[in-house]
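Participant: Each chain is listed here by its residues.
Number of protein chains: 2
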Amino acid sequence: MKLEQLDTPAAIIDIARMQRNIDRMQTHLNALGVTFRPHVKTTKCADVVRAQIAAGARGITVSTLKEAEEFFAAGVADILYAVGMAPAKLPRALALKQNGCDLKIIADNVAAAVAIVEFCKAANDTFEVWLEIDTDGHRSGLTPDDDALVSIGRVLHDGGIEVGGVMTHAGSSYELNDPEALAALAEQERAGCVHAAQRLRDAGIPCRTVSIGSTPTALAARHLEGVTEVRAGVYVLFDLVMANVGVCDSSDIALSVLASVIGHQPGKGWVIVDAGWMAMSRDRGTSKQTRDYGYGLACALDGTPLEGCELVGANQEHGILAVANCDDLAGRFPIGMKLRILPNHACATGAQYPAYHGLSSDGSTVEWPRFHGW
Amino acid sequence: MKLEQLDTPAAIIDIARMQRNIDRMQTHLNALGVTFRPHVKTTKCADVVRAQIAAGARGITVSTLKEAEEFFAAGVADILYAVGMAPAKLPRALALKQNGCDLKIIADNVAAAVAIVEFCKAANDTFEVWLEIDTDGHRSGLTPDDDALVSIGRVLHDGGIEVGGVMTHAGSSYELNDPEALAALAEQERAGCVHAAQRLRDAGIPCRTVSIGSTPTALAARHLEGVTEVRAGVYVLFDLVMANVGVCDSSDIALSVLASVIGHQPGKGWVIVDAGWMAMSRDRGTSKQTRDYGYGLACALDGTPLEGCELVGANQEHGILAVANCDDLAGRFPIGMKLRILPNHACATGAQYPAYHGLSSDGSTVEWPRFHGW
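Residue numbers (full-length UniProt numbering), protein chains in the order written: chain A, 1 to 374; chain B, 1 to 374.
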């Protein structure tokens, strides 16, 4: 089906842009001598992940066991579940492993490590566990110098569990917008995670993998000595938050929401579209950045940004597009006209849809299902 | 399955609270002498809608044609599609009507009215159309005194289309928190919509239905003279935004997210849970209200709010619960402990899930599917 024939709202992936984003990251990481394990939580879409793997990715990162199950069923075996293990989820993780999935799980505390050891003893099986390191203070993990790092490693190692690596995610990179600051955080992420790995090895606990990454730090890294692999997710589509961070241009953003004009409020300079927060998500990630795009930046059907046309309001199925300096709103944006809206946050926007529509340069589209839930 | 056995995150509906909310709204509107057409966009769940209809609701309101299709298939025929009609959606709407659905559509501009007339002529069929009235300036619709109101009514009427009514939604009520201000807005919503209907009738255009409503104005209305029906959606579950508006107590909130503790950052007073923005939505609706709950208010498994325990941060699958004044985080919130988190916005949080789990007073749960997409 042609782009302009699709029902609205619809989530559109510009395939050429996506492929360019994939190639850029893979080439960059190849040059830095590390492997790449993309985070598939961004798209939850087998068609996208196939393109990432075809370009050279080795294994994937997931944020839920549902993602692990879906992608294992789709043929991907090397999977890192990168959210701290809740003990009650161990049976579901073990079922994957017993079906042949090379699933790695993570932990950052003694209680979880003990639960994993006891579960494995009872099940007469094992897991490969990576320890989560906190290199920027934004969320989870053990700081590289935390005494508990070695003691947790020892609980696992002595309990017969393979400590396969350490991993970190410098998510505070999303708050930066300066290349030097990004490079400095990338180095902090690298050095902290390498140091944590070394402390484990010095304590006699093997630690093969050193896994780091976020889209901004991955792209800003100048060397990755001691690192074995990088993870990143949103780079595959990019979004307005990433454009504000400075790691892409708006012309790199591969995801947009196709919407129809359904009304006007000429006195206010508003065009009403059928893309509200259900279509865009409630993400307001640009609200604290240099440029606030509201709920998104409108583009013409061909993808050209319409400067000064931003989605300033969103109810469930209504978006309010504010248009600057236009005295003929209904003429410029007639009822039924289709627009494309670039999102703040590709992960959150994609999650609102049962499928993407992959758009080729000839204007044809193909449906790419994505899954939903846990 | 018992509540504590469910995988996390999960969306829980306390059935007794939901039934109390349903009965409260229906009793209030019965006393005011109007019928009630609940907005099912809040839950998109047949089990919830059955309870609304059993209590006395007459017909439903939907925000997408997918909702109309799903609920028509589930046995509900009287449906108002309350988003301005995009002409390209007319064939899909007509298919519903031709299958026996009593679907009403809305318009607020001449171009849409002309498109509906021309489409119906070509299809040799018709629609019942309601005109959308803007009574508070927050979004779409014609102001009650707009000259275009009568001219659009005439385009439809003279084109053989039944103008079945007028409808308005005073969505700016979400920004209030004072009972007198809510009552005043409810009266403004009523009076404006009744006036618009009278103008149409005075011009010789029949206008049977006068439909108004939002959860806050519906509950605040003191009389509804001239109104025939009320619409409201979120009242069925309520949420923290509505508690701040003052139309419910936190003990009325029927939706919560079941989450597990997966980590701690004791130095920061943080408990990490497996409910991030994918589980809660990105809605920050309380951020500009009297009390900002972050991404939600934590409760014990039995639903008792844990005052001072709010979800201050959310990544995709990680929530950061800040706990005030606790020097034994890991003791009070052990790894694997299950909590329930009240959401800012029930419509947005529910949309993240393929199903709710209806919770009975004995702790047992039943799965209630909800649908997704357009």
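Among the hints, erroneous ones may be present.
A pair holds if it fits inside one copy or across any two, identical chains being indistinguishable in the list.
Below, computed lysine to aspartate or glutamate pairings styled on EDC-like, alpha-carbon distance capped at 16 Å [said to hold, decoys possible]:
no.: 1; residue 1: Lys-121; residue 2: Asp-136
no.: 2; residue 1: Lys-338; residue 2: Glu-128
no.: 3; residue 1: Lys-268; residue 2: Asp-146
no.: 4; residue 1: Lys-268; residue 2: Asp-328
no.: 5; residue 1: Lys-268; residue 2: Asp-136
Please keep in mind that the hints were generated in silico from the structure rather than gathered at the bench. Computed from a prediction, not measured in an experiment: that's the story for all the values here.
Participant: Are the CA atoms of Lys-268 and Asp-328 at most 16 Å apart within a copy, between copies, both, or neither?
Facilitator: within (12 Å within a copy, 54 Å between copies)
Participant: State whether the alpha carbon distance between Lys-268 and Asp-136 is at most 16 Å within one copy, between copies, both, or neither.
Facilitator: So Lys-268 and Asp-136 pass the 16 Å test across copies only (13 Å; inside, 44 Å).
Participant: How would you classify Lys-338 and Glu-128 at a CA-CA limit of 16 Å: within, between, both, or neither?
Facilitator: neither (49 Å within a copy, 25 Å between copies)
Participant: Indicate which option fits the pair Lys-268, Asp-146 if close means a Cα-Cα distance not exceeding 16 Å: within, between, both or neither.
Facilitator: between (56 Å within a copy, 15 Å between copies)
Participant: Cα distance capped at 16 Å. Does Lys-121 pair with Asp-136 within a copy, between copies, both, or neither?
Facilitator: neither (34 Å within a copy, 64 Å between copies)
Going down the numbered hints, you'll see the structure goes against 1 and 2, while the others check out.
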